[in-house]
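When you get a sec, could you build the whole thing from the sequences and use the hints?
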Amino acid sequence: MENWSLVSICVLFGLTARWAVSLNSYSGAGKPPMFGDYEAQRHWQEVTYNLPVHEWYFNTTDNNLNYWGLDYPPLTAYHSLLCAHVAKLINPDWVELHASRGHESYGHKLFMRATVLVADLLIYIPAVVLYSFYLSEGSNKKKVCTVLCILLYPGLILIDYGHFQYNSISLGLALWGVVVLGLGWDVLGSLAFVLSLNYKQMELYHSLPFFCYLLGKCFKQGLAGRGLFLLVKIAVTVLVTFALCWLPFLSDPGQILQVVHRLFPVGRGLFEDKVANTWCSLNVLIKIKTILSTDTQLYFSLTTTLLAILPSSIKLLMKPTLWQFKLALVNSSLAFFLFSFQVHEKSILLPALPVCLLLNDLPLPAIWFLQASTFSMLPLFLKDGLLVPYVVTSLAFLFFSIYLLSAFEHCSEDKLRLGPYRRLLICMPRMDLGRVTKWKFYFSITAMAGLSFMSVSLAPPDQLPDLFPLLVSVFSYLHFLGLLLYFNIVQIAEPPQSVRKNQKKSN
Amino acid sequence: LASVSLITALAVHCVVLLTMTVFSGYFSHSTDFEVHRNWLAITHSLPVSKWYHENTSEWTLDYPPLFAWFEYSLSHVAQHFDKEMLVVQNLIYTSPATILFQRLSVIVTDIVFIYAVKECCRSVREEKGSKDLLGHPFFILAALLLWNFGLLIVDHIHFQYNGFLFGILLLSVARHLQGRHLEGALLFTVLLNLKHIYLYIAPAYGIFLLRSYCFTKDNTDGSVRWSSFSPVRLVALGSIVISVGALSFGPFIAMGQLPQVLSRLFPFKRGLCHAYWAPNVWALYNMVDKALSVLGVRLKLLDVAKLPKASMTGGLVQEFQHSILPSVSPSITLICTLLSIMPAVLSIWCRPRGARGFLRCLVICALGSFMFGWHVHEKAILMAILPFSILAVESREDAGIFLMLTTTGHYSLFPLLFTAAELPIKVLLMLLFTLYSFTSLKKLFRGSLLNPLETTYLLGLVAVEILCEVVYPLSPWQHTLPFVPLLVTSVYCSLGVSYSFIRLYVSLLRQHGTDKHKQL
Numbered sequence: 001m002e003n004w005s006l007v008s009i010c011v012l013f014g015l016t017a018r019w020a021v022s023l024n025s026y027s028g029a030g031k032p033p034m035f036g037d038y039e040a041q042r043h044w045q046e047v048t049y050n051l052p053v054h055e056w057y058f059n060t061t062d063n064n065l066n067y068w069g070l071d072y073p074p075l076t077a078y079h080s081l082l083c084a085h086v087a088k089l090i091n092p093d094w095v096e097l098h099a100s101r102g103h104e105s106y107g108h109k110l111f112m113r114a115t116v117l118v119a120d121l122l123i124y125i126p127a128v129v130l131y132s133f134y135l136s137e138g139s140n141k142k143k144v145c146t147v148l149c150i151l152l153y154p155g156l157i158l159i160d161y162g163h164f165q166y167n168s169i170s171l172g173l174a175l176w177g178v179v180v181l182g183l184g185w186d187v188l189g190s191l192a193f194v195l196s197l198n199y200k201q202m203e204l205y206h207s208l209p210f211f212c213y214l215l216g217k218c219f220k221q222g223l224a225g226r227g228l229f230l231l232v233k234i235a236v237t238v239l240v241t242f243a244l245c246w247l248p249f250l251s252d253p254g255q256i257l258q259v260v261h262r263l264f265p266v267g268r269g270l271f272e273d274k275v276a277n278t279w280c281s282l283n284v285l286i287k288i289k290t291i292l293s294t295d296t297q298l299y300f301s302l303t304t305t306l307l308a309i310l311p312s313s314i315k316l317l318m319k320p321t322l323w324q325f326k327l328a329l330v331n332s333s334l335a336f337f338l339f340s341f342q343v344h345e346k347s348i349l350l351p352a353l354p355v356c357l358l359l360n361d362l363p364l365p366a367i368w369f370l371q372a373s374t375f376s377m378l379p380l381f382l383k384d385g386l387l388v389p390y391v392v393t394s395l396a397f398l399f400f401s402i403y404l405l406s407a408f409e410h411c412s413e414d415k416l417r418l419g420p421y422r423r424l425l426i427c428m429p430r431m432d433l434g435r436v437t438k439w440k441f442y443f444s445i446t447a448m449a450g451l452s453f454m455s456v457s458l459a460p461p462d463q464l465p466d467l468f469p470l471l472v473s474v475f476s477y478l479h480f481l482g483l484l485l486y487f488n489i490v491q492i493a494e495p496p497q498s499v500r501k502n503q504k505k506s507n
Numbered sequence: 001l002a003s004v005s006l007i008t009a010l011a012v013h014c015v016v017l018l019t020m021t022v023f024s025g026y027f028s029h030s031t032d033f034e035v036h037r038n039w040l041a042i043t044h045s046l047p048v049s050k051w052y053h054e055n056t057s058e059w060t061l062d063y064p065p066l067f068a069w070f071e072y073s074l075s076h077v078a079q080h081f082d083k084e085m086l087v088v089q090n091l092i093y094t095s096p097a098t099i100l101f102q103r104l105s106v107i108v109t110d111i112v113f114i115y116a117v118k119e120c121c122r123s124v125r126e127e128k129g130s131k132d133l134l135g136h137p138f139f140i141l142a143a144l145l146l147w148n149f150g151l152l153i154v155d156h157i158h159f160q161y162n163g164f165l166f167g168i169l170l171l172s173v174a175r176h177l178q179g180r181h182l183e184g185a186l187l188f189t190v191l192l193n194l195k196h197i198y199l200y201i202a203p204a205y206g207i208f209l210l211r212s213y214c215f216t217k218d219n220t221d222g223s224v225r226w227s228s229f230s231p232v233r234l235v236a237l238g239s240i241v242i243s244v245g246a247l248s249f250g251p252f253i254a255m256g257q258l259p260q261v262l263s264r265l266f267p268f269k270r271g272l273c274h275a276y277w278a279p280n281v282w283a284l285y286n287m288v289d290k291a292l293s294v295l296g297v298r299l300k301l302l303d304v305a306k307l308p309k310a311s312m313t314g315g316l317v318q319e320f321q322h323s324i325l326p327s328v329s330p331s332i333t334l335i336c337t338l339l340s341i342m343p344a345v346l347s348i349w350c351r352p353r354g355a356r357g358f359l360r361c362l363v364i365c366a367l368g369s370f371m372f373g374w375h376v377h378e379k380a381i382l383m384a385i386l387p388f389s390i391l392a393v394e395s396r397e398d399a400g401i402f403l404m405l406t407t408t409g410h411y412s413l414f415p416l417l418f419t420a421a422e423l424p425i426k427v428l429l430m431l432l433f434t435l436y437s438f439t440s441l442k443k444l445f446r447g448s449l450l451n452p453l454e455t456t457y458l459l460g461l462v463a464v465e466i467l468c469e470v471v472y473p474l475s476p477w478q479h480t481l482p483f484v485p486l487l488v489t490s491v492y493c494s495l496g497v498s499y500s501f502i503r504l505y506v507s508l509l510r511q512h513g514t515d516k517h518k519q520l
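Top line first, the protein sequences correspond to chains A and B.
With this note's numbering applied, the first sequence corresponds to residues 1 to 507, in that order.
With this note's numbering applied, the second sequence corresponds to residues 1 to 520, in that order.
It is worth saying that the hints were derived from the structure and are not from the lab.
Certain hints may be false.
[Claimed, not checked] To give an idea of the interface, some chain B residues facing chain A are shown, with a C-beta separation under 8 Å as derived from the structure: (1) 255; (2) 259; (3) 418; (4) 420; (5) 421; (6) 425; (7) 428; (8) 429; (9) 432; (10) 435; (11) 439.
[Said to hold, decoys possible] Pulled from the structure, derived: some chain B residues nowhere near chain A, Cβ distances all over 10 Å: (12) 50; (13) 115; (14) 160; (15) 217; (16) 265; (17) 431; (18) 443; (19) 503; (20) 512.
All C-beta atoms, glycine included, are put in the ideal place defined by N, C-alpha and C.
Structure below.
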């Protein structure tokens, strides 16, 4: 069968899964007075449509910032404005100032879900298809399988189409950046990434690898000659794009400061709720949140984050190849997730995106990570009433990815690049590390299933009401930490053989 | 063939998992959902003697006794989910546990269908060995059956147990293809006692078994050799039919309830067409009648006051009254149906072409009864589409007809799902299946299967869909003439289905002709 039809079938299948999930409940459905992220997005449409630009980020009589005030960068605001214009055409009640607060109806839900689907279809899905076809290796069939597996990643589907957010836009733009950089158009790539950064500030997690990759490339071309020219071109692109995105706010420094203040709310503390990162997990043993002052927490987390991303960034700077770039994206964003300040459980989607790109190269670790990341958001899904979609999409993803990418056949020590462990731990008993990994994978999946089942069916003991969410986040944290080490070692140890082969060919 | 089972399993997983998600989200309840819940309640809480008398709900038990027993056995599992659903008085009872149980029961009984598909795939003729897996006829057949759009939406979104029933039908067909005729006959008899709509294809079974099983030899010109009649085989067949029938209807005959049961099974009180006209000859007939009456009123040949009211205001009432053309009675539809399948049945009597000839005859019977039957549901088109898939992967001409028939037939199922939230789901699933069937069959037979006119007609379906579900609801006529989209859909589709029916007949008669030619 021709490729285009297979790809279309995969895309259609992905879309069907997305729409099926979107028939479910969303965050804060029927829960006044604050509702949830769905209401936040609707509220932003209302605010951006009815108020002048300079009031968007300010607390005014018409704009109560304590009720889902706008705290994303300007592109999000423009997107809300665009959606609001469409909403106004369909039903003016949906974006009426004040009167529409907490509006919920069947028609409105359909409209909101449709906006997510349209954005996904325009930005994220084409990027996935392009990536799989131009930047991943293997036969055409393998590429098609990669498309399907990336599109079926449950975390993104459940958050965007269940919980309700527009991650497919920010992640999609970042992916466009990777694709375009991979194809060799550095200027366009940086443009795409700046757009993504201006859609959601969380994309900062990805910014260092982008920076190091481009800088490394400039170094390679020689900072005296062509490299400098490239650097200037990229710098100008970045600055101009930024300026264009922030144009309405540039007139007044107060505006800029206020927006920046809204984007980075330092006062909200080291972490909220239960997050599968270092601080929340450490909090079980030591109550850091109470021992340290907010400032100390901030510096402490900043230092650890920088330390954690340093090795991968330096390696990337020295060796700016696509393979290194992908791994550095994983390592940097995962380090940010684990160590930085004010992390949300949904931020795990940021490391998940580059891990999706590794599905073809390192199937088993990638699948393992993606499943763990979905699992880490279980408490959120339960709160939103997304249990059945969570179970179904997870099972479908595991089944498809393991079967189509033949994950278990690609887990010899060589394929998993476990060699360095032997060198690091000389005293380790002789055994097949590939098989050990496989068994660990089985065990971990079983444990996830068990914990999911327990969270749903058992009542926690009275003195420990948060027992299950905490168990879920600590268990996921262990996975993330282990995989962070693993991906770092893979990145630093050696380039994959296939890359070397390609280089030989090109020579 | 290990790969077959593997791939089959794969396809199944997609279907089952996907559908599970669909339902978790929105618990829309079709009437069929309530129908089957009511039957669970009736069979569980009432003695057998009351089953066919109970009428608390308007959805009385109108399937044959074996299906009632099937519901009875399901109800024993159901009581562990929610006992309340088994109370006859709890009309339109839809607790989450009830929904979960009902949906799961469809998914679990689908196993029969999956097994039948596997058996059908085993009986498909393979041409060349070393092709890639996706290009093998057996794989394409498995995908065409398991991913069948119609079955998917009728069973898992609308709600019925067709997967289970068609599983038995396909298994019986597979047994005939494999030469295990007694098993095939047994399965079909069981099927008839589960749902009597399959009576429509019984002529194909009856004649085929009589001709090709009870007569063991042919004359050299292919005609029947009367001396080769085997009474033992006839007795074997007869005993199968009678014993299954006795098992199913026996208790009711013993209780003297046979007339009551039969009156439930064959309710001729309903109208010629279902609320939404199935795309068959009668839809065209109604349309012509309507057009003539409108024309007549315009030309002042007819008096508006004298016309039957319903014909001018709606069309979506159960009883459609014809204003110009003569009304159609059940007996006329019966005669038309019999006439339409007669040539096919005669053909397998005179020139039997093995199990494949029988299969073609079966498809024609199913389609003929769909075209001319009384009160046909749009869902009945599946009875032709599913068995026809087997022929479609074996011959180029059949593949072309199959594409026409399935695409139109499936599109005609769209009105089953009518809410805005379901629109993307049905469009996406339909595109998925249609795209797959077109590209895979085209690849299999290396070249285009449809002529430009047919392609244009099928592309017209896209226009009809956009017109009916996007443009029309926004127009002012939506309030004054709400039935127009359904009317357009069923008339447009009936053209395609009629065309496929005629082409199917032509292919049969042509084979008949070439057979004769060879002998000369």
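The hints, checked one at a time:
1. Given the 8 Å rule on beta carbons, the hint for residue 255 of chain B is violated: about 44 Å separates it from the nearest Cβ of chain A.
2. For residue 259 of chain B, the suggested interface contact is broken, since its CB lies about 46 Å from the closest CB of chain A, more than 8 Å.
3. Taken as an interface hint, residue 418 of chain B does not check out: its beta carbon lies about 14 Å from the nearest beta carbon of chain A, beyond 8 Å.
4. Annotation: residue 420 of chain B was flagged as interfacial toward chain A, and the flag holds, the nearest CB pair being 6 Å apart, inside 8 Å.
5. Interface restraint check for residue 421 of chain B: the shortest CB-CB distance to chain A comes to about 6 Å, inside 8 Å, so the restraint holds.
6. Using the Cβ-Cβ criterion of 8 Å, the hint placing residue 425 of chain B at the interface with chain A is satisfied: the shortest such distance is roughly 6 Å.
7. Among the interface hints, the one on residue 428 of chain B holds; its C-beta lies about 4 Å from the nearest C-beta in chain A, closer than the 8 Å criterion.
8. A cut of 8 Å between beta carbons decides the hint on residue 429 of chain B: the least distance to chain A is about 6 Å, and the hint holds.
9. Because the smallest distance between the Cβ of residue 432 of chain B and any Cβ of chain A comes to about 5 Å, under 8 Å, the interface hint for this residue holds.
10. Contact between residue 435 of chain B and chain A, as hinted, is supported at the beta carbon level, the nearest pair being about 6 Å apart and thus within 8 Å.
11. Given hint, residue 439 of chain B at the interface with chain A, holds; its Cβ is 4 Å from that chain's nearest Cβ, closer than 8 Å.
12. No beta-carbon of chain A comes within 10 Å of the beta-carbon of residue 50 of chain B; the shortest separation is about 37 Å.
13. Residue-level check passed: residue 115 of chain B sits 20 Å from the nearest beta carbon of chain A, beyond 10 Å.
14. Against the 10 Å criterion, residue 160 of chain B stays outside the reach of chain A, whose nearest CB is about 20 Å from its own CB.
15. Taking the minimum C-beta to C-beta distance to chain A, about 45 Å, the non-interface status of residue 217 of chain B holds against the 10 Å cut.
16. Every beta carbon of chain A lies more than 10 Å from that of residue 265 of chain B, the smallest distance being close to 37 Å; the non-interface claim holds.
17. A cut-off of 10 Å between C-beta atoms contradicts the statement that residue 431 of chain B is not in contact with chain A; the least separation is 6 Å.
18. Not every CB of chain A lies more than 10 Å from the CB of residue 443 of chain B, the least distance being 5 Å, so the non-interface label is violated.
19. Every Cβ of chain A is farther than 10 Å from the Cβ of residue 503 of chain B; the closest lies at roughly 25 Å, confirming the non-interface assignment.
20. The non-interface label for residue 512 of chain B is consistent with chain A: the shortest C-beta to C-beta separation is roughly 35 Å, beyond 10 Å.
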